[in-house]
Amino acid sequence: MKVVECNGLTKAYLKKEALKGLTFSLEDHKITGLIGRNGAGKTTLLKLIAGFTKETSGEIKVFGERPFNSLSVSANSIFVDDQMSFPPALQLAELLEEAARFYHNFDSGLAKRLFDYFGFKADGYHNRLSKGKTSIFNGIIGIASRCPLTIFDEPTTGMDESARKDFYRALLKDYIAHPRSIILSSHHIDEIEDLLEDVLLLKEGKQLLHEPVSELKEWAHGIKGPSEKVLKASEGHDILYRQLTGADTLYAAVRDFSGTLLDAAAGAGLEVTPVRVSDLFIYLTNETKGGIDDVFSQN
Amino acid sequence: MSLARTSSGDIVKRQYAFKLKAHIDSYSSLVGIQMLALLFSFGGVGSMGSYGDGLNLEVKYYSSDLVLVFTAIWAFVTATTLTTRPYRNHDFTFVSNRLTSSLSNILFLASISLAGALTAMLAGNLLKVFVFIFADGPIYNQGTGLADLAAGTVIALFYLFLVTSAGYLIGSLVQVSKLFVILIPVVFFGSLFLDAVANREPIVNNVFQFYIMESSLLLLMVKTLITSAALLAAAVAILNRLEVRR
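Protein chains in written order, with this note's numbering: chain B, 1 to 299; chain E, 300 to 545.
Rather than coming from a laboratory, the hints here were simulated on the basis of the structure. The C-beta atom is built at its ideal place from N, Cα and C for all residues, glycine as well. Be careful, since some hints might not be right.
In silico lysine to aspartate or glutamate, DMTMM-like type, Cα no more than 25 Å apart, as pairs [said to hold, decoys possible]:
1) E:K320 to B:E215
2) E:K312 to B:D279
3) B:K15 to E:D494
4) E:K312 to B:D166
Partial list, computed: chain B residues near chain E (C-beta under 8 Å) [as the list claims (entries may be wrong)]:
5) K54
6) T56
7) M84
8) Y103
9) V295
10) F296
11) S297
Looking from chain B toward chain E, a few residues come up when the C-beta cut is under 7 Å (computed) [to be verified]:
12) F52
13) T53
14) S74
15) N76
16) P87
17) L90
18) A93
19) H104
20) S108
21) G109
22) K112
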């Protein structure tokens, strides 16, 4: 079953297009990572999926329905980010009770245990929490709600290292026990890489790729050696990134098109390394092939 | 994971209960504003004196009308607040669509109208108690008794609901464009000035008389309810198109 289906989806804010004709679909019971640079349109897409905003053109379907003003989509999905808005008059424990009244599958026991583990006080107030604590609390609601479609937009904003690890571990454990569709957007790709099954990569409002993570691990190879040899070996392939690491030593991340790259590199005696998925995303989404170094290089 | 089925009615009920709890602050502001109105009322709304043949007569009038006026202002402000972005966002944190959000708001507005009407009428009794304790001389009063209290509450309820409906519509217009913050007062006061210049009875006056001067309870209920329904329907239609959390 398709959980999310988009067809030529476009969203513009005052003439400026944040999403430009996205077409993709997300399968049921998968954790999909939504990756992209700042301003790539990740949050815009997630808010459209949650039904908060209206598409400008194109089509979006969630559980086969248009999400805007759909009660069924709202009941079966939850959108978690650090901007989640709760009435200031209610205490934290009361907010959990309210969430349990609205969300069909809400696990109050789990919510309470996480709540205690992270050291929340039942009589605390949401607007007095620190940035990291706000994210943790929102994350607890997101996990415990067990919505068939759970959307996390930068869920770890402000969390410290161990809280982030705990959060992702809790998410994974609960996901394994209760499979559901999860969309996760984050800038810390290293941390979520092992969690993700699929990746949807956005760049400037367009879809760059949508693939399983396992394939992305073999998507490109890093080749290092004398510049001339590296360039010769990668001829006919797509160079995603290049960096001079010494006087005449070049590192290049190259996408292998014909399966001949590795042989060519080995023949020339070049050093071949795998490209980490997180680095791959950086290379793919950068504007220039040389990254920030291009800004400072004179020529 | 199987999809949960929900009905609008069920969600409206849950949201309504949620709002009764979440907007607890509006009740305390109601108490505060009614206390203030009582304080003003305690000075008396008018007095009359006559002197002659060695006799000095002084009559002082007390009325708790001001409490109702202040309550109406409170109801209006509360209704407009409901349409603001943070309040609309609260609903969408949990399960909601725009229609259920508005319907539960309307139920909430009806409830605060009832709370406002009842407390405003009871505040009138409190004023009588104050006058009884602190004022000298014989006290004459009218409009006491359960029947009067009940009638007063019903009338106040319908007026307050009308006011909240107007507030909800105006609030939703402002959400569409902030221009209405200027436009609505300009139209209101502008028409007063225009009518004054043209030397005719202000149209605003006629509108007020149409509702306030109605002596039949049944007609009053019909008039205010139909108007409220029209105002709310317009507001719901407007809010139904608005995006949240953008």
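We went through each hint and held it up to the structure:
1. E:K320 to B:E215: Violated, at roughly 50 Å.
2. E:K312 to B:D279: Judged against 25 Å, a Cα distance of about 50 Å means the pair is violated.
3. B:K15 to E:D494: 43 Å, violated
4. E:K312 to B:D166: Not OK: K312 (chain E) and D166 (chain B) at ~36 Å, beyond 25 Å, violated.
5. K54: 6 Å, holds
6. T56: Violated. Min distance 11 Å.
7. M84: Since the shortest Cβ distance to chain E is 5 Å, the answer is holds.
8. Y103: Hint on Y103 (chain B): holds, closest Cβ of chain E at ~7 Å, below 8 Å.
9. V295: 33 Å, violated
10. F296: It is violated, given that the least Cβ distance between F296 (chain B) and chain E is near 37 Å, above 8 Å.
11. S297: At 40 Å from the nearest chain E Cβ, S297 (chain B) fails the 8 Å test, so the hint is violated.
12. F52: Where the cut-off is 7 Å and the nearest Cβ of chain E is about 5 Å from F52 (chain B), the hint holds.
13. T53: 4 Å, holds
14. S74: 5 Å, holds
15. N76: 5 Å, holds
16. P87: Holds - the Cβ of P87 (chain B) comes within 7 Å of chain E, reaching about 4 Å at its closest.
17. L90: 6 Å, holds
18. A93: 13 Å, violated
19. H104: Since chain E brings a Cβ to about 4 Å from H104 (chain B), closer than 7 Å, the hint holds.
20. S108: 15 Å, violated
21. G109: Violated, about 18 Å.
22. K112: 18 Å, violated
In terms of the numbered hints stated before, the structure departs from hints 1, 2, 3, 4, 6, 9, 10, 11, 18, 20, 21, 22, listed from lowest to highest.
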